[in-house]
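J.: Top line first, the protein sequences correspond to chains A and B. Residue numbers for the first sequence follow my numbering, so the first one is 1 and each next one is one higher. Residue numbers for the second sequence follow my numbering, so the first one is 117 and each next one is one higher.
Take every hint as true, because none was put in to throw you off.
Cut-off 27 Å, straight-line C-alpha distance, at most; resulting in silico cross-link-like pairs (DSS-like, lysine-lysine):
id, chain 1, residue 1, chain 2, residue 2
1, A, Lys57, B, Lys218
2, B, Lys221, A, Lys42
3, B, Lys218, A, Lys42
Just the calculated beta-carbon pair ranges, DEER-fashion:
id, chain 1, residue 1, chain 2, residue 2, range
4, B, Ser211, A, Gly72, 24 to 34 Å
5, B, Pro226, A, Gly72, 41 to 51 Å
6, A, Asp71, B, Pro125, 35 to 45 Å
7, A, Glu59, B, Trp156, 28 to 38 Å
8, A, Asp63, B, Gly168, 40 to 50 Å
9, A, Gly96, B, Trp156, 19 to 29 Å
10, A, Glu3, B, Gly209, 25 to 35 Å
11, A, Asp63, B, Lys221, 34 to 44 Å
12, A, Ser9, B, Lys170, 22 to 32 Å
13, A, Val24, B, Lys218, 25 to 35 Å
14, B, Trp156, A, Gly72, 23 to 33 Å
15, A, Val12, B, Ala181, 38 to 48 Å
Quick caveat, the hints were computed from the structure, so don't treat them as lab data. Here a beta-carbon is modelled for each residue, glycine too, at the ideal position from N, C-alpha and C.
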Amino acid sequence: EPEVTQTPSHQVTQMGQEVILRCVPISNHLYFYWYRQILGQKVEFLVSFYNNEISEKSEIFDDQFSVERPDGSNFTLKIRSTKLEDSAMYFCASSGRSHLYQETQYFGPGTRLLVL
Amino acid sequence: GIQVEQSPPDLILQEGANSTLRCNFSDSVNNLQWFHQNPWGQLINLFYIPSGTKQNGRLSATTVATERYSLLYISSSQTTDSGVYFCAVKFQGGSEKLVFGKGMKLTVNP
Chain A
1 EPEVTQTPSH QVTQMGQEVI LRCVPISNHL YFYWYRQILG QKVEFLVSFY
51 NNEISEKSEI FDDQFSVERP DGSNFTLKIR STKLEDSAMY FCASSGRSHL
101 YQETQYFGPG TRLLVL
Chain B
117 GIQVEQSPPD LILQEGANST LRCNFSDSVN NLQWFHQNPW GQLINLFYIP
167 SGTKQNGRLS ATTVATERYS LLYISSSQTT DSGVYFCAVK FQGGSEKLVF
217 GKGMKLTVNP
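Pulled out of the complex, with its shape left as it was, chain A reads as follows (with noise of 0.2 Å):
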């Protein structure tokens, strides 16, 4: 069964540097998105992203976040300067169809960011 794959697994930053988080949708999907979890906490929807535009995002997704497709499979998160209260697991999701259309979203393993 497809998936939707992540890298890295983990990664440890020192605050202010940039960090660089990547998925690979599953390969017939046309929405992707990035939500994060801090540790405890709920799981939060970042952004949305279709036809290699931000299609929504939410109030934490403010200017040092930047989202790209790059390529035709691969789908990044850009923290620019991160922050302590960066520190999350980060999870990609991609969804086949339009929102429009009742459709699962399929998440990936996700990617343990710590910001020291």
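Fit chain B to the known structure of chain A by using the hints.
T.: Coordinates of chain B only, in the frame set by chain A:
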């Protein structure tokens, strides 16, 4: 405001017992998913169930969309069922995001 509430927040069971997890949501939805978060933090998709009933082995789920709730049943629980269970919904109205509940921590003791 728009909310997803799960109950109970925590549950401790003996192996072999049955359990019911509830998810209430505040508005009409066009997507509802149940997840199990394993000890490694991975979100395992259990059910996509915006309405109706589905079964998968010892797990089953029912969503009554008109009454805005969903139930996840775990029968004959095993220690490997331990973890956090999340309900997540996509509300009607055009938003693409899944809104997650706070989760329910299940501990199954041998």
